[in-house]
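S.K.: Now for the letters of each chain:
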Amino acid sequence: MKLNLCQALGRAMREELARDGQVVVLGEDVGRRGGVFLITEGLQEEFGARRVIDTPLSEASIVGAAVGMAVRGLRPIAEIQFADYIYPGIDQIFSQVAKIRYRSGGQFCAPLVIRAPSGGGVRGGHHHSQSPEAIFAHTPGLKVVMPSTPADGLGLLKAAVRCDDPVVFFEPKRLYRASKEEVPDGEHLVELGRAALRREGSDLSLIGYGGMMPELIKAAEALGGQGVSAEVLDLRSLVPWDREAVLASAAKTGRVLLASEAPRIANFMGEVAYVVQEELFDQLLAPVLQVAGFDTPYPYAQEKEYFPGANRVLKAAARLLAY
Amino acid sequence: MFKTFTERPIALIGDDGKKVARQLYPWPPETLLQLLWDMLRARLVDERLVTLLRQGKTSFYAQSSGMEATQVALAHAIRIGHDWVWPYYRDQGLVLTMGLSLPRFLAQLLGTKLDYSKGRQMPHHFSAPELRLVSISSSIASEVPPATGTAMAQKYLGTDEITVCTFGDGATSEGDWHAGLNMAAVQQAPVLFVCENNQWAVSAGLRTQTAAPNLAIKAQGYGMPGYYVDGQDVLACLAVLSEAAEQVRREGNPVLVECLSYRYGTHSSADDDSSYRSPAEVASWKARDPIQRFQRFLERQGLLPSEEERRAFAAQVQSELEAAAKEAEAGGSPAPEELFDDVYSDLPDHLAVQRALLLSER
Ligand SMILES: Cc1ncc(C[n+]2csc(CCOP(=O)(O)OP(=O)(O)O)c2C)c(N)n1
Ligand SMILES: [Mg+2]
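Protein sequence lines correspond, in order, to chains A and B.
Quick note on numbering: the first sequence equals residues 1 to 323 in my numbering.
Quick note on numbering: the second sequence equals residues 1001 to 1362 in my numbering.
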């Protein structure tokens, strides 16, 4: 069946709620309203208000309660309305979610999923556009995931629910309804920590995740028109990230361009770049280049100019090829 | 002095416009009429902006229709340009009545050059330095602890200013809300906290937010006075908010006022309310409309402007809006490279490099 990302995520939760009675969904407006992006639409009707819970307007309550539920054996899926509003819940995420397994010597754990729409694309200004994934990747104890296709949305979210570690699951909201694709009918799981090769190529590697993926594919197509063969790799998981796939692609092409919508300083891709140069210094034909968001808050009026789209990717690719 | 922590909202006039309080305040007719004009203006602007949205001129709009009594009365209860205000995004009735000019107001919604915040924010994030109206953050309740801090500074500096902090009913569930009120009470900071309880936070009704009988009662737990007011009664709002503001100013301690109101429109232009509330509920609150109610009162007092005068006023607001829209659009959008300004007080090297990259793309 053809689904967009929203529908695929909704299906993932429906299937997990049906499969396991310990799974619950909680968040602001997730029940009667079906979430402000309508991803949880119909779930409360189907599974009841006991399992699909409309919470007070408090991210600390949502995440904190999810921790306690998970410790007692439930499998909560907590929704944060926008990644930009995850901050009031961040102490719970950093102090409880991320550390309970470690601090208890493995005696207690909090397997839960925190879903949060991130990135720009909805003319929402800085408070509806941020990409805060790096700060979560920087926090040991959290797995960090971001799908870019409906099938991956389905498979990764289901895998995240079953994962015994907490997963912060970012959803690129610019892709929510961008396209529909054929999604496998039966049980579909995507292993966390594995990248996906979107396009094979030999001259350079375009590596990204989330909202950048359609831009990278567009850029690769344009490069193809110029006789350049670009490989496109979708990380899908940031923690853990697929070193093997990245290094294989980098070794093959010798030219690496890393793309992310998040601001440049301490961007997650800086870590990937570091590992690529550390492991493959003598095989690289050019320095590793990064295309990222500017180091400013996400502006409202200049949202288009802020976003590092295919054109900015192509300019960086040209630099990479000119070495 | 009004009673704190009443079980029912404090009201001065009933739905029929008859007074229900033993005494009314001796407001001069000019004040009463100004309240009417200000409420009508807020309503007209709200209705007109929905049209702008339909025409595709703004990307987002969140109506405050139904909440005019609270917002207009608050503007009348404080010393504008003297007291500091930390508002929230649905406060268009407040900021317009405080004197934010229509061109500036529209420029914010349109993100054009005339916007004080240079197009940085999505619609509904008003600010004005000359009105001491502090820039709004979308993050619910994040303004509450800073409002307490501004009041602590006012106390420290020995001013006779107070700080006003507004928020919705949903905001009262956030940790920051608790943190701000508790600190204000402990520090005896002069803040007037105003809860604009429109009974919905997107799809979450008040019972999803709290198990307490009302929100004003929460003040008791912090050790500050709390007033529960009929937010559809502009005179009750004005009387309680004025008294509360003066109490804060005089005694230097915080006060919480809850105004029980209603939002007629959807949460925002991105919302559809059919899944969570009934048209009958909306209709029942529209029947208690604050403007209609006040007009009934004025009529009884022999003060109600004629229909002709009110129609002329509406036409005038309409033409002001049209002129203001032109003025707001005239300067065009901020230049792309302006997105690098104001991140810091200066432009660090890394931003200069990024700015040059953006300019090279043209
Ligand atoms: C910290 C935070 N979480 C979630 C949101 C998303 N959101 C925007 S408005 C809103 C409801 C606010 O309700 P209320 O405080 O009652 O104000 P109202 O909109 O009713 O005026 C929500 C959940 C947000 N802006 N900030
Ligand atoms: Mg509300």
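Errors might be hidden in some of the hints.
Claimed, not checked - Covered stretches of chain B, as calculated for chain A (at least 3 residues, CB under 8 Å):
| hint | stretch |
| --- | --- |
| 1 | 1073-1087 |
| 2 | 1119-1132 |
| 3 | 1197-1210 |
| 4 | 1231-1245 |
| 5 | 1327-1336 |
What the hints assert, rightly or not - Derived SDA-like pairs: lysine to any residue, alpha-carbon spacing no greater than 20 Å straight-line:
| hint | chain 1 | residue 1 | chain 2 | residue 2 |
| --- | --- | --- | --- | --- |
| 6 | A | LYS315 | B | ASP1342 |
| 7 | A | LYS304 | B | VAL1343 |
| 8 | A | LYS304 | B | ASP1341 |
| 9 | A | LYS315 | B | LEU1358 |
| 10 | B | LYS1113 | A | ARG123 |
| 11 | A | LYS315 | B | ALA1352 |
| 12 | B | LYS1113 | B | THR1266 |
| 13 | A | LYS304 | B | GLN1023 |
| 14 | A | LYS304 | B | LEU1359 |
| 15 | A | LYS315 | B | VAL1353 |
| 16 | A | LYS315 | B | ALA1323 |
| 17 | A | LYS218 | B | LYS1057 |
| 18 | A | LYS252 | A | GLY227 |
| 19 | A | LYS304 | B | LYS1113 |
| 20 | A | LYS304 | B | ALA1323 |
| 21 | A | LYS180 | B | ALA1323 |
| 22 | A | LYS315 | B | SER1059 |
| 23 | A | LYS304 | B | LYS1218 |
| 24 | A | LYS315 | B | LEU1359 |
| 25 | A | LYS180 | B | ALA1335 |
| 26 | A | LYS304 | B | ASP1342 |
| 27 | A | LYS304 | B | PHE1005 |
| 28 | A | LYS180 | B | GLY1332 |
| 29 | B | LYS1218 | A | SER61 |
| 30 | A | LYS304 | B | PHE1313 |
| 31 | B | LYS1057 | A | VAL122 |
| 32 | B | LYS1057 | A | GLY227 |
| 33 | A | LYS304 | B | SER1059 |
| 34 | B | LYS1057 | A | SER61 |
| 35 | A | LYS304 | B | GLU1338 |
| 36 | A | LYS315 | B | LYS1218 |
| 37 | B | LYS1113 | A | GLY227 |
| 38 | B | LYS1113 | A | PRO297 |
| 39 | A | LYS304 | B | ALA1335 |
| 40 | A | LYS304 | B | ARG1355 |
Hint data in this document are derived by calculation from the structure and do not stem from the laboratory.
Even for Gly, the Cβ is constructed at its ideal location relative to N, Cα and C.
S.K.: It remains to establish, for every hint, whether it holds in the given structure.
M.R.: Results for each hint:
1. 1073-1087: violated (count 0)
2. 1119-1132: holds (count 5)
3. 1197-1210: holds (count 7)
4. 1231-1245: violated (count 0)
5. 1327-1336: Coverage by chain A holds here, the residue count being 3 at a Cβ distance below 8 Å.
6. A/LYS315 - B/ASP1342: Not OK: A/LYS315 and B/ASP1342 at ~27 Å, beyond 20 Å, violated.
7. A/LYS304 - B/VAL1343: Status holds; Cα separation ~18 Å.
8. A/LYS304 - B/ASP1341: holds, 17 Å
9. A/LYS315 - B/LEU1358: Distance ~11 Å between A/LYS315 and B/LEU1358 Cα, so the pair holds.
10. B/LYS1113 - A/ARG123: holds, 17 Å
11. A/LYS315 - B/ALA1352: holds, 18 Å
12. B/LYS1113 - B/THR1266: violated, 29 Å
13. A/LYS304 - B/GLN1023: Violated, at about 58 Å.
14. A/LYS304 - B/LEU1359: Holds, at roughly 14 Å.
15. A/LYS315 - B/VAL1353: Holds, at roughly 15 Å.
16. A/LYS315 - B/ALA1323: violated, 43 Å
17. A/LYS218 - B/LYS1057: violated, 30 Å
18. A/LYS252 - A/GLY227: The given pair, whose Cα atoms are some 17 Å apart, holds under the 20 Å limit.
19. A/LYS304 - B/LYS1113: holds, 17 Å
20. A/LYS304 - B/ALA1323: Violated - the C-alpha atoms of B/ALA1323 and A/LYS304 are around 29 Å apart, more than 20 Å.
21. A/LYS180 - B/ALA1323: violated, 44 Å
22. A/LYS315 - B/SER1059: violated, 31 Å
23. A/LYS304 - B/LYS1218: Given pair A/LYS304, B/LYS1218 is violated - Cα atoms ~44 Å apart, limit 20 Å.
24. A/LYS315 - B/LEU1359: holds, 13 Å
25. A/LYS180 - B/ALA1335: Violated, at roughly 35 Å.
26. A/LYS304 - B/ASP1342: Given pair A/LYS304, B/ASP1342 holds - Cα atoms ~19 Å apart, limit 20 Å.
27. A/LYS304 - B/PHE1005: Distance ~50 Å between A/LYS304 and B/PHE1005 Cα, so the pair is violated.
28. A/LYS180 - B/GLY1332: Violated. A/LYS180 to B/GLY1332 sits at ~37 Å, over the 20 Å cutoff.
29. B/LYS1218 - A/SER61: With a Cα-Cα distance of about 18 Å, the restraint between B/LYS1218 and A/SER61 holds, given a limit of 20 Å.
30. A/LYS304 - B/PHE1313: violated, 40 Å
31. B/LYS1057 - A/VAL122: holds, 15 Å
32. B/LYS1057 - A/GLY227: Roughly 43 Å separates the two Cα atoms, so the pair is violated.
33. A/LYS304 - B/SER1059: With Cα atoms ~14 Å apart, A/LYS304 and B/SER1059 stay inside 20 Å; holds.
34. B/LYS1057 - A/SER61: Roughly 38 Å between the alpha carbons, so the hint for B/LYS1057 and A/SER61 is violated.
35. A/LYS304 - B/GLU1338: holds, 13 Å
36. A/LYS315 - B/LYS1218: violated, 57 Å
37. B/LYS1113 - A/GLY227: violated, 44 Å
38. B/LYS1113 - A/PRO297: Measuring from Cα to Cα gives roughly 18 Å; hence the hint holds.
39. A/LYS304 - B/ALA1335: Given pair A/LYS304, B/ALA1335 holds - Cα atoms ~12 Å apart, limit 20 Å.
40. A/LYS304 - B/ARG1355: Holds, at roughly 14 Å.
Of the hints listed earlier, those the structure fails to meet are numbers 1, 4, 6, 12, 13, 16, 17, 20, 21, 22, 23, 25, 27, 28, 30, 32, 34, 36, 37, in rising order.
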